[in-house]
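Visitor: Based on the sequences and whatever the hints tell you, model everything.
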Amino acid sequence: QYLELSHSSSIIYTDAYYQSYPVALTTKGNRYESAGGVSALSGATCTALLNTIWYTDCLPQIEKADIITAEHSEEQMLSGLRRGKCDIVVTDKILGLTATAAYSDIIMLDFHSTEDTFTVTADHTDLVIVLKAEDTELRDRLNEAISNTGMANNDTLMSRTITSWLQKIANETQATPTQQ
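In the working numbering, the protein residues as written are 867 to 1046.
Please note that the accuracy of each hint is not assured.
Cross-link-like lysine-lysine pairs, in silico, DSBU-like; alpha carbons within 35 angstroms at most [to be verified]:
| # | residue 1 | residue 2 |
| --- | --- | --- |
| 1 | K1034 | K894 |
| 2 | K951 | K894 |
| 3 | K894 | K930 |
| 4 | K930 | K959 |
| 5 | K1034 | K951 |
Taking CB as the label site, the calculated pair distances span [as the list claims (entries may be wrong)]:
| # | residue 1 | residue 2 | range |
| --- | --- | --- | --- |
| 6 | T935 | S1013 | 40 to 48 angstroms |
| 7 | D881 | E940 | 22 to 30 angstroms |
| 8 | G909 | Q1033 | 36 to 44 angstroms |
| 9 | D971 | S875 | 45 to 53 angstroms |
| 10 | L1004 | R949 | 40 to 48 angstroms |
Derived by calculation from the structure, the hints in this document are not laboratory data. Each residue gets a CB set at the ideal place from its N, CA and C atoms; glycine is no exception.
Guide: Shown next as structure tokens:
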């Protein structure tokens, strides 16, 4: 769950366990594959998922962008990117890690550590666990585990989780007999 600044008295949040910054995805051989920042994406044909800050807030940060219709699903978005419908897809880092693990022709451009990055607020990048307001003891235990893990290791943990998940899906797909 992304941190949404909800002031409901019925829920509480853990500390952020992962920060999933916006990234740009492109394909190998695309003229933007070596872009070092958002400004290097100038003039790109781009899209993102419908009803997301990636579409409404990030794409307009690309100078002279040719923003095409938002996609309804990750599958449609990645398929369009791979078919050349657009140069750039902007999404969160988790989908970026998943896409690059699943498709060898997709490249993730992560500008977060540069000055030339997408500008978003923490409530759009910080992943937290939402609990019932009375679960303060559980929240405290989870926060302790989160602080012991450290954000620096979380990219590695997320990548391992995604790779494991994709392998499980591949194994299940191979084990399922096709119906005629």
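Visitor: Run every hint past the structure and note whether it holds.
Guide: Verification of the supplied hints:
Taken as a hint, the K1034 and K894 pair is honoured in the structure, with Cα atoms around 26 angstroms apart against an allowance of 35 angstroms. This hinted pair checks out: K951 and K894 have alpha carbons roughly 14 angstroms apart, not beyond 35 angstroms. At roughly 22 angstroms between alpha-carbon atoms, K894 and K930 fall within 35 angstroms of each other, so this suggested pair holds. Of the supplied pair hints, the one linking K930 and K959 holds, its CA atoms being roughly 24 angstroms apart against a limit of 35 angstroms.
A hinted pair counts as satisfied when its Cα atoms are at most 35 angstroms apart, and K1034 with K951 qualifies at roughly 30 angstroms. About 42 angstroms separates the C-beta atoms of T935 and S1013, a value consistent with the hinted range of 40 to 48 angstroms. For D881 and E940, the Cβ-Cβ distance of about 27 angstroms falls inside the hinted range of 22 to 30 angstroms, so the restraint holds. Taking the beta carbon of each, G909 and Q1033 are about 38 angstroms apart, inside 36 to 44 angstroms as hinted.
A hinted range of 45 to 53 angstroms holds for the C-beta pair D971 and S875, which are about 48 angstroms apart. Range check, L1004 to R949: Cβ separation about 45 angstroms, and the 40 to 48 angstroms hint holds.
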